[in-house]
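J.: In our numbering, each residue's number is its place in the sequence shown (first place is 1) plus 61.
Please keep in mind that the hints were generated in silico from the structure rather than gathered at the bench.
For clarity, every value in this text was computed on a predicted model and none was experimentally measured.
There could be a bad hint or two in this list.
[What the hints assert, rightly or not] Simulated restraints on C-beta separations:
| id | residue 1 | residue 2 | range |
| --- | --- | --- | --- |
| 1 | GLY273 | PRO98 | 25 to 35 Å |
| 2 | ILE247 | PRO103 | 37 to 47 Å |
| 3 | GLU146 | LYS204 | 44 to 54 Å |
| 4 | PHE200 | LYS138 | 50 to 60 Å |
The C-beta atom is built at its ideal place from N, Cα and C for all residues, glycine as well.
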Amino acid sequence: MDDSYDVVVVGAGPAGLASAKSCAEHDLKTLLVEEHPVIGEPVQCGETFHVSMLKELGLEDIPFNEPKNARIYSPDKKMIEIGLEDGASSPLVIVERKILEKSFAVKVANLGVDIFTKTPAVDVIKENGFVKGVKVLHFGEKKDIRSKVVIDASGPNAIVARKAGLNVYRNIEDFNSCAQFQMAGIDIDGKTAEIYLGGVAPGGYVWILPKGKGFANVGIGVSGDIGNKALGYLESFVE
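Construct all of the structure, not just a fragment, from the sequences and the given hints.
T.: Written as structure tokens, this is what we have:
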């Protein structure tokens, strides 16, 4: 890891990887730091992508399941089924996000981006009111990395933006509470996604997203107004 870069990107999720890719393609010396030890983990989404995104990123060869239909259940348990196919194929695919992000990271590294995991950004370098880089923890030691540009792709925590003094604070009620299980051996159509609305998920919905080979992501999002209760509602739904 050098002491100076054109761009430092904080967070190696899809947004951070895409940002680093674009910077490298424009011949900018780029550093990408990720707080977790492994890129792509923990998985924090239902893993559904639009197939055009995979093509744009050059990742259309990674494994995915392609649902053909979606069933939506209303609060009074009425169901409608819609087709997801656009011509010969579905525009939506369900991926293994761990594989997707690792594959993407390899492509980004091959473009010349320096990538370091288990390296959280803990503060910014600020001079005369301008951000001039970030402070990171690398192998337990604090290190100053100077840069012309810092991109905060750290997600809702927005650690860099907050340290820079930007007004990113929100009430906890503004965030939905979510939880997800990856389940096997459940009785579902492997080509049909399911969405449940109503009391099973106040202010949100339950999703069942088939991944193929008997696996599915079963998850929930509920309104932040009711507190951090997503896991309890999901357990009740699964039971």
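J.: Hint by hint, note whether the structure agrees.
T.: Results of checking the hints against the structure:
1. GLY273 to PRO98: 25 to 35 Å: 28 Å Cβ-Cβ, so the 25 to 35 Å window holds.
2. ILE247 to PRO103: 37 to 47 Å: violated (22 Å)
3. GLU146 to LYS204: 44 to 54 Å: The hint (44 to 54 Å, Cβ to Cβ) holds, given that GLU146 and LYS204 are roughly 50 Å apart.
4. PHE200 to LYS138: 50 to 60 Å: holds (55 Å)
When each numbered hint is compared with the structure, a violation occurs for hint 2 only.
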